[in-house]
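With the hints as constraints, model all of the structure from the sequences given.
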Amino acid sequence: MSETNQESLSFQTEVKQLLHLMIHSLYSNKEIFLRELVSNASDACDKLRFQALKDDSLLADGADFRVRISSDKEANTLTIEDNGIGMTREDVINNLGTIAKSGTADFLKNLSGDEKKDSQLIGQFGVGFYSSFIVADKVDVYSRKAGVSAEEGVHWSSEGEGEFTLADVELPSRGTKLVLHLKADQTEFADSWRLRSLVKKYSDHISVPVQMLEDKPADQEDDKTVEAPQWENVNSAQALWTRARSEIKDEEYQELYHHISSDYGDAVTWSHNKVEGKLDYTSLLYVPEKAPFDMWNRERVRGLKLYVNRVFIMDDVEQFLPLYLRFIKGVVDSNDLPLNVSREILQSDSTIESIKTALVKRVLDMLDKLAKKQPEKYQAFWDEFGQVLKEGPSEDMANKEKIAKLLRFATTHTGESKQDQSLSAYIERMKEGQEKIYYVCADNHQTAKNSPHLEVFRKKGIEVLLLSDRIDEWLMGYLQDFDGKQIVDVARGGLDLGDIETEEEKKAQEKANDEHKELLERIKAEFKDEVEDVRMTHRLVESPACIVVGDNDMGAQMRRIMEAAGQQVPDSKPILELNPEHPLVVRLESEQNEERFSDLASILLEQARLAEGTQLSDAAGFVSRLNKLLLEMSA
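Per this note's numbering, residue 1 is the first one in the sequence shown, and the count goes up by one each step.
Treat the hints loosely; a few may be bogus.
As the list claims (entries may be wrong) - Derived lysine-lysine pairs resembling DSSO-like cross-links, with alpha carbons at most 27 Å apart:
| no. | residue 1 | residue 2 |
| --- | --- | --- |
| 1 | K278 | K290 |
| 2 | K528 | K573 |
| 3 | K485 | K418 |
| 4 | K431 | K402 |
| 5 | K405 | K361 |
| 6 | K400 | K356 |
| 7 | K183 | K290 |
| 8 | K485 | K528 |
| 9 | K372 | K485 |
| 10 | K436 | K506 |
| 11 | K628 | K524 |
| 12 | K372 | K361 |
| 13 | K511 | K573 |
| 14 | K249 | K372 |
| 15 | K369 | K405 |
| 16 | K524 | K507 |
| 17 | K524 | K506 |
Stated by the list, open to error - Here are the in silico distance ranges between beta carbons for each label pair:
| no. | residue 1 | residue 2 | range |
| --- | --- | --- | --- |
| 18 | A425 | E318 | 31 to 41 Å |
| 19 | K517 | V541 | 19 to 29 Å |
| 20 | L631 | P583 | 11 to 21 Å |
| 21 | K249 | D365 | 19 to 29 Å |
| 22 | M397 | S348 | 16 to 26 Å |
| 23 | S348 | E163 | 10 to 20 Å |
| 24 | N309 | Q568 | 49 to 59 Å |
| 25 | T242 | A425 | 39 to 49 Å |
| 26 | S624 | M397 | 49 to 59 Å |
Hint data in this document are derived by calculation from the structure and do not stem from the laboratory.
Note that beta-carbon positions come from the ideal geometry of N, C-alpha and C, so glycine has one too.
Shown next, in the form of structure tokens:
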């Protein structure tokens with residue numbers, strides 16, 4: 001075939017780095033390349049099937065979609081051809097010369113040099129075509145877009161180095177053909193039997209027929225009178241989710257997950273359900289094992305694959321699940337939606353809202369089942385996706401209780417930073433007379449664990465949740481109760497321990513404020529611009545002072561996060577609480593020298609701020625006052 005308009009172009013920088021990794025055998029399981037290429041070919045057929053619903057002229061070359069695989073042992077080549085949507089010259093440059101998927105740069109930074117780990121990372125970024133170079137030292141791509149003339153075909157070729165060539169070529173029919181020139185040590189992938197076994201292993205579930213030439217018996221290979229071999233289907237060509245669950249093996253479920261997610265790791269669990277009645281649809285939902293690098297980009301592409309009556313409609317339909325479940329992968333096949341459904345229609349369709357409600361319940365039930373039956377697997381899931389799930393109570397009030405059951409926290413029960421304790425387990429361990437769930441928020445686990453607010457709780461043996469994720473204070477603003485128990489911030493407002501506190505202790509608290517009224521008034525006057533109030537406390541056992549936030553004020557952790565992000569925060573002043581039995585407070589009360597009183601009072605306030613993780617506005621002044629008092633004490 002003659003070629004025109006030939007030119008050489010350079011790969012995008014990220015592609016060069018990726019190809020270098022591919023060519024140097026980064027994958028430990030090389031056979032996966034075939035799954036990626038067959039999946040791409042199947043997707044091309046699905047896309048054309050959908051576009052042809054609006055323009056049937058695109059099917060001028062026929063409506064029987066298929067993917068064909070052939071090999072030539074003598075030439076050591078492997079060919080994969082589809083009659084799908086095809087590509088224009090511009091499409092080829094964009095799809096094969098660049099990696100448009102967000103987060104690729106972060107992905108490359110995170111490569112560790114460990115082949116097994118890095119191969120899994122590559123899979124998370126859906127760069128399947130480039131896996132060709134695992135087994136090939138040269139790849140030719142011939143493609144013609146559906147609906148364009150034969151003269152508008154394009155030929156792309158590369159040896160996986162810094163450049164690729166591009167030329168116009170006449171192609172008789174639409175679709176894409178890949179010719180892999182296999183490396184000398186990869187001859188196994190030119191073997192027909194080997195290829196058939198790989199198709200059955202990785203692509204049996206694909207709804208498009210995958211075809212190979214019938215194998216001739218050995219005694220007929222040279223007999224030219226025997227009829228030429230015919231193409232035959234190698235896979236079952238039936239969408240897996242349309243089959244009965246009892247007929248599907250776990251391995252098949254996992255392979256479909258790999259196909260729809262471009263993830264080389266396995267799914268932790270899945271839920272396959274067919275709904276009939278008022279709504280008629282099938283769903284297959286997966287929980288991934290690992291989070292992608294761009295999980296925290298709330299604008300990232302996400303969602304489920306949508307089919308209507310087994311016809312692929314679109315990828316990444318985000319209307320089926322809320323944002324806090326953006327890690328879920330899967331398929332929804334509806335019999336109720338029209339084939340010409342658009343993303344705009346999906347946003348306002350009542351059927352979608354009904355399906356969404358059911359799918360959210362399905363996901364939460366699936367996670368609850370995993371937590372109960374396989375707690376170790378659930379813990380691994382939580383370590384990957386826990387912070388995303390914490391967004392749930394603020395976004396989905398209808399399922400707040402279900403989400404709360406799935407949350408895991410670090411607590412004083414273990415003292416460890418690992419978030420592995422549920423609210424249900426906390427309630428089971430509550431002391432007699434305890435009616436509330438207590439928590440403390442801080443910028444890190446160590447600060448939370450050593451918070452002076454915990455001293456009275458340690459003394460009385462009351463467990464406290466230790467919260468240190470950036471989202472935690474936001475979470476607790478929406479999660480104010482669980483299973484009939486109020487959830488209380490130990491550093492906010494007046495502390496009420498209920499029946500755990502004796503009447504004598506309550507009276508002693510009231511008496512302390514009256515007995516030390518003069519001291520409190522002196523400190524209030526000293527810090528009138530810095531604190532809202534000063535009072536005696538029963539929270540403290542070992543520390544002289546602590547900072548408390550007003551009932552309706554923003555917490556210290558959230559205030560610091562918003563200030564760091566340049567956001568305006570409402571004006572408010574904290575409350576300073578003092579331990580009347582601490583020697584420093586006793587010393588302060590007896591101090592008559594106003595300068596020393598001011599210095600010592602300032603040190604107590606600044607210590608309290610440091611203990612809660614707040615950065616001092618005048619650290620040098622604090623050090624100076626502390627040194628001055630130390631010298632006086634040593635004199």
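For each hint, the structure was consulted:
As the CA atoms of K278 and K290 are separated by approximately 36 Å, the hinted pair breaks the 27 Å bound. A hinted pair counts as satisfied when its Cα atoms are at most 27 Å apart, and K528 with K573 qualifies at roughly 10 Å. With a CA separation close to 24 Å, the supplied pair K485 and K418 stays within the 27 Å bound. Between K431 and K402 the alpha-carbon distance is near 24 Å, which keeps this suggested pair within the 27 Å criterion.
Proximity of K405 to K361 is assessed by CA-CA distance (about 13 Å); at most 27 Å being required, the pair is judged to hold. Distance check on the hinted pair: K400 and K356 sit about 16 Å apart at the alpha-carbon level, within 27 Å; holds. Restraint check for K183 and K290: the C-alpha separation of about 32 Å exceeds 27 Å, so the hint is violated. Distance check on the hinted pair: K485 and K528 sit about 37 Å apart at the alpha-carbon level, beyond 27 Å; violated.
At roughly 22 Å between alpha-carbon atoms, K372 and K485 fall within 27 Å of each other, so this suggested pair holds. Of the pairs offered as hints, the one joining K436 and K506 holds, with about 18 Å between alpha carbons and a cut-off of 27 Å not exceeded. Taking the CA atoms of K628 and K524, the gap is near 23 Å; set against the 27 Å cutoff, the hint holds. Restraint check for K372 and K361: satisfied, since their Cα atoms lie roughly 16 Å apart, inside the 27 Å limit.
Straight-line distance between C-alpha atoms of K511 and K573 comes to about 25 Å, which keeps the hinted pair within the 27 Å bound. Between the alpha carbons of K249 and K372 the distance comes to roughly 23 Å, so the proposed pair stays at or under 27 Å and holds. Restraint check: the Cα-Cα separation between K369 and K405 comes to about 11 Å, which is no more than 27 Å; the hinted pair holds. Between the alpha carbons of K524 and K507 the distance comes to roughly 23 Å, so the proposed pair stays at or under 27 Å and holds.
As the CA atoms of K524 and K506 are separated by approximately 23 Å, the hinted pair is consistent with the 27 Å bound. The given range of 31 to 41 Å is respected by A425 and E318, whose C-beta atoms sit roughly 34 Å from each other. At about 23 Å, the CB distance of K517 to V541 agrees with the hint of 19 to 29 Å. For L631 and P583, the hinted distance range of 11 to 21 Å is satisfied, since their beta carbons lie about 19 Å from each other.
Between K249 and D365 the beta carbon distance is about 23 Å. The supplied range of 19 to 29 Å therefore holds. At roughly 21 Å, the beta-carbon separation of M397 and S348 lies within the given 16 to 26 Å, and the hint holds. Checking the proposed 10 to 20 Å range against S348 and E163 shows it is violated: the Cβ atoms sit about 48 Å from each other. The given range of 49 to 59 Å is respected by N309 and Q568, whose C-beta atoms sit roughly 52 Å from each other.
Against the hinted window of 39 to 49 Å, the Cβ-Cβ separation of T242 and A425 comes to about 41 Å, which satisfies the hint. Against the hinted window of 49 to 59 Å, the Cβ-Cβ separation of S624 and M397 comes to about 51 Å, which satisfies the hint.
Hints 1, 7, 8 and 23 from the list above are not met by this structure, while the remaining hints are.
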